[in-house]
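Trainee: Just so you know, the sequences run in chain order A and B. The numbers in UniProt numbering rise by one with no breaks, and the one at position 135 of the first sequence is 135. The numbers in UniProt numbering rise by one with no breaks, and the one at position 93 of the second sequence is 93.
Just so you know, the hints here were simulated from the structure itself, not pulled from any lab data. Nothing here was measured: the structure is a model prediction, and the numbers come from that model. Treat the hints with care, as some may be off.
Any copy will do: because identical chains look the same in the list, a pair fits if it lies in one copy or spans two.
Claimed, not checked - Simulated crosslink set (SDA-like; lysine to any residue; CA at most 20 Å straight-line): (1) 158 with 127; (2) 245 with 697; (3) 390 with 579; (4) 71 with 415; (5) 64 with 104; (6) 466 with 228; (7) 158 with 299; (8) 142 with 172.
Number of protein chains: 2
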Amino acid sequence: MKRIFEINPWTVVTHDLNPEDKRLQESMTSLGNEYMGMRGMFEEVYSGDTHQGIYIGGVWFPDKTRVGWWKNGYPLYFGKAINALNFVKADIYIDGHQIDLAKNEFQNFEVSLDMKHGVLKRQFTVFGVEVQVSRFVSAAFKELADIHYTFTSVDGYKHNIRFDASIDADVVNEDANYDGKFWQVLDAGNDVASSFIATQTIENPFGVPQFTVVARQSFIGGEKHGTNRGTKEVTDNFDIEVPTKGVVNFEKRVIVTTSRDYDSLKETIDAGTALTNKVLENSYQEIYEDHAQEWLKRWEKADVQIEGDDAAQQGIRFNLFHLFSTYYGNDPRLNIGPKGFTGEKYGGATYWDTEAFAIPVYLGVADPSVTRSLLQYRFDQLDGAFHNAKQQGLKGALYPMVTFDGIESHNEWEITFEEIHRNSTIAYAIYNYTNITGDHSWLDGDGAQVLYSIARFWADRVHYSKRNNQYMIHGVTGPNEYENNVNNNYYTNWMAKWVLQYSLDHYDEINDKQKAKLAITDEELVQWQDIVTKMYLPEADVDTKNGKKHIFVQHDTFLDKDLTPIADMPQDIRPINQNWSWDRILRSPYIKQSDTLHAMFYFPDAFTEEEKRNNFNFYEPLTVHESSLSPSVHAILAADLQMADKAVEMYERAARLDLDNYNNDTGDGLHITAMTGSWLAIVQGFAGMRVRNDELNLKPFLPKNWTKYAFRLVFRGHVLEVTVDKEGADVQLISGDPLTINLLGKQVTLTR
Amino acid sequence: MKRIFEINPWTVVTHDLNPEDKRLQESMTSLGNEYMGMRGMFEEVYSGDTHQGIYIGGVWFPDKTRVGWWKNGYPLYFGKAINALNFVKADIYIDGHQIDLAKNEFQNFEVSLDMKHGVLKRQFTVFGVEVQVSRFVSAAFKELADIHYTFTSVDGYKHNIRFDASIDADVVNEDANYDGKFWQVLDAGNDVASSFIATQTIENPFGVPQFTVVARQSFIGGEKHGTNRGTKEVTDNFDIEVPTKGVVNFEKRVIVTTSRDYDSLKETIDAGTALTNKVLENSYQEIYEDHAQEWLKRWEKADVQIEGDDAAQQGIRFNLFHLFSTYYGNDPRLNIGPKGFTGEKYGGATYWDTEAFAIPVYLGVADPSVTRSLLQYRFDQLDGAFHNAKQQGLKGALYPMVTFDGIESHNEWEITFEEIHRNSTIAYAIYNYTNITGDHSWLDGDGAQVLYSIARFWADRVHYSKRNNQYMIHGVTGPNEYENNVNNNYYTNWMAKWVLQYSLDHYDEINDKQKAKLAITDEELVQWQDIVTKMYLPEADVDTKNGKKHIFVQHDTFLDKDLTPIADMPQDIRPINQNWSWDRILRSPYIKQSDTLHAMFYFPDAFTEEEKRNNFNFYEPLTVHESSLSPSVHAILAADLQMADKAVEMYERAARLDLDNYNNDTGDGLHITAMTGSWLAIVQGFAGMRVRNDELNLKPFLPKNWTKYAFRLVFRGHVLEVTVDKEGADVQLISGDPLTINLLGKQVTLTR
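Generate coordinates for the entire structure from the input sequences, incorporating the hints supplied.
Mentor: Given below as structure tokens:
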């Protein structure tokens, strides 16, 4: 744990520049607008350790799979989120002295991320000049990034600034195992007002399209005296005179266009020119206002207020800010990468995290169209899912563990081939969207192709065990990735059974066109019903200090392990993934994230309170929460079981995971998809939000150290504000028609 | 299956040069003398597909481990058998026409490997000249490789040959995933009589010593007119005049010295010069005779004759020839690589194959010192085994899956971390050596360090399962690599228990010096006994077409699988490792090689005939034999169970695995360690050879289609000849004092 930023409800701010925390600072002050984004690196030269990173949504490179020993079915390539051209680069001299905060003596340093308006601000005083920088990627104009400088003399002298502003395409990817440069320059040019570089990803042998990215920079202020063009870089040179009194402003605007939106190189370049000209019609104040208003609108739907715990307050806003920076549902070709625009670790744009954790949040804080975009993304990648199932010799659709284009691009067999429970979560998201929004049109339409193709996969993936007269699922990795290749993972089996049951339940409902396309036979329906009836689900009585308890067993042989609770083990073994060899982790009973409990998180009403309590009490003491996705699930379940202290402990871990660098890896980038967890813990956990039979249910309680919390909630065309304090819970209707909800077990009709 | 060589009892010969079979031809006609070896590539230019490969025993390179996602405990490097400098290279012109059999028209082509004398012969007629080449690496003079040419005019004209003979250090490794050049040139030079290149492996960051290899070429015959030196190559240029009648000879001798035997570069070069001068004192006939005599001596101890089945005859000699070419116990720093000197696939010099399959053969065909060298190799690498166990957080010694230096260098977790049954096989080899030779001195001396350190590993690797009140071993891969990360693999548990029992049984016997060094406590001995008493071994009754049978279960959940016999599956799924995705293989019941049955192969007397029969009948129909090590074990067990037809079927598959390219991968190199299998099938299988209580037992039968077989056997200072024909079995004492053996259940005393 390491906290480098100050506690502040709307701002992430520090007055220290500690070289060893530079990457941490950069990750946490990242910016994004779904279309593109960047880490919080400085624009000017910084000769200390730094990770410069700018990423474009949906732009990636298929890097050849390299493994020790090839296994049949491996994907041919691993999809990498690639570091794109650096268009914020600057080389700044004050009276001939180069700014490099790793070397200069400077004062009044501050970096602050204004989360309310989505702006990264920075200031420092060096060589007699106070420098103020504001940077944003526009939430209102997707192709636009803006960097605004204000220079002020603080020593009463005039100063001359030389400002060399660049776009640099000579970037390297930071990866665990391989170095690689993935860009070639196709064109570059300049006119009086602006300059540009057009780049393209290098060729690949996998038939993946090459992406073209064009960045054009233009400027307001300063005196331009030339442009330099290198082989992979273009630089515009400016002189800026800082007066003895008052300020001077200088602004750089960058327009990024890509082959994702335009057909030819020429069109992509021309579009960049046109957009540059368009944006130059507006003042800085105008483009800033457009951007900031967009952020204010988001907060209006989504803000969560916490009183009595400023750290918790900052945590939830920090999480929502970065989540919205990564994705706000504008482009159904995009998804929510695990690092967003804050780093390149893990690769791929899309994990099951989206359906498991992000969709439940977007359903509560944004228009249903945002979720529908995410669902559509999976429909659009159905061919890839057919391909993945076929790679395993199976029918139906298998959604990938990691992908950009629908085709699996992770290459560890125990994940790729075995962590197939992900497939059920896609079906769960369809259920979740339908249940919460009440909109059945997606399930009955395109969604049917997704759902029933997943059902087909499961029907082929189970096997019939003769000696047990039951269907089983062997050879899987459950959500607990600290066990591999287990048999009859309770969660996987339960969810496969649920998918088949849900598919059978809704079969009559789907429209004829979808039915014809699916061509499901009567034999299939009979077989699905047989699997539902005879699916094996391991359960057992276990000895506990409170006597024998009945539990659902994580997988066939889990109870044969040495089941010493993690609390009884030496402290210095944690995190076990940094201290134990992989085989020791695998044969230990320690759980990375909720597994059997995960079904109870998805379907809290499908289990009795006793079932939930017995399983929580059995598994939680064995859980090390070394997945960033784990604490929030436990917070919600603990809240459900009225274990308030445990719920709060788990919330705190979820909410400030990155702000406090809990897992000691935030320097690599933020845990974007896990940022959903703090909202889920508050809304589904503390406030007990459920939708049952088209009715919104709330059952709030107030955590011990808080004096109040309040959150906005979007529900079926209404915006509500839920306020919980020591007096009790209150729900206000902010917009929409009157609505009846169930609050603490009672029907309440809300009007404005 | 593909058979490109003719059937011949002592020779591997073909008269065809089929470009698509070139690599197959090269693999099968490889030569070696333990110190070094090479594939059967042509010396002169061959512009078609070819794999040039020359390898030096014990010379390797630690290539950085590259994996998708790093796991704690992975070895830092993968040890590669590296393609060394090409010292047979020649560029030959006849009257200005370059010899290149991929392009020339030629007649009378023949390649033949004379296994009796260890010589590769080749001839062809091109451009009016008959070319005959004899090549061998000397079994009598380890540093010497000899290539002898005879040129004869066949058209009545004189011919002028230009012969450019090279040593080329610019070689590439052929690998599945990475290309790499691992050599740098340190020095080169020439004098009137010879020229040399001194090379060194490139630097590595792992502290593995760099190897220096010096090759010096000298010549008999021809007229030298110069030497060319390139940056990585040296070439001596000769003119050879072919008379109208009679022959002309030309001979190239190469001496290879390495830093394994000499300290400095200078010493290594000087030794090469001295050995070159020494060898030049002898005629070709003399050095050839020394070499051939050595091979005849080997055959005198080891030859197996089969009458009535020439293919079987050729197979067994082919296997013994290549096994002896790879290893004959001269250097305890060397071991038996899975490809020997015939290719570079798999990497590493040492696998459990050595102790499981090769030692049982060497114990029967060679002096006990050969086996003792192999045991000493493991003692010398004990530090590496301690390191490997420590990497997993465990006590004692864990011998590696793949290694050159004792440190594990394979990097797939399911193998490296989990295929730990290999450790017991090292202990088994100690037992096997002691039992067969009657020599307890190794067990009581250095061997004790090995044995008891392995026992310590097992005592720490088991865990106590409270609910079962038994010790278990979770998270292993058994010999059947078609299942990974299973619990309580019968074979692994049985062998771990056996190791602890054997260690307890012999503890009083080991000498005090070894005891003091081991410092085994009384508590440890008590704990070992407790594990032996309470080790869990899964067993069950299964339904078969012959009623309920009791079997030992391969691992905890094996019987829950769909147990359809492989014979009932479509033919086109085989080999399943080329047709099924890895996950499908893992959850299938199909067994790559003997697993539960493997314990019965090691310890045939530890199981009742009913146990052996029940388990053989249960597992064999599920076994696909896709490991080259599998058929021979089944041949031996089938023979033991009087299932003669099955035994012969399995023998045939083992004996001609490479000769008939059974697994369609012999082009990559031969399956050296699997070549032991045909001898084991004949001697332990058909002849029923066992050593019980210091007595040699034989219980031979004659396979149906054979008229006779006979083999030599080394036993405790005696050489026997066992002959089995339709009349019965006869054993003759070839050398040594009178000996009493048990033949077909009767005591027989043999005298000369």
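Trainee: Does each hint hold? Answer for all of them.
Mentor: Status of the hints after comparison with the structure:
no. : hint         : verdict
1   : 158 with 127 : within (11 Å within a copy, 90 Å between copies)
2   : 245 with 697 : neither (61 Å within a copy, 108 Å between copies)
3   : 390 with 579 : between (38 Å within a copy, 12 Å between copies)
4   : 71 with 415  : both (13 Å within a copy, 13 Å between copies)
5   : 64 with 104  : neither (42 Å within a copy, 39 Å between copies)
6   : 466 with 228 : neither (75 Å within a copy, 74 Å between copies)
7   : 158 with 299 : neither (42 Å within a copy, 97 Å between copies)
8   : 142 with 172 : neither (25 Å within a copy, 50 Å between copies)
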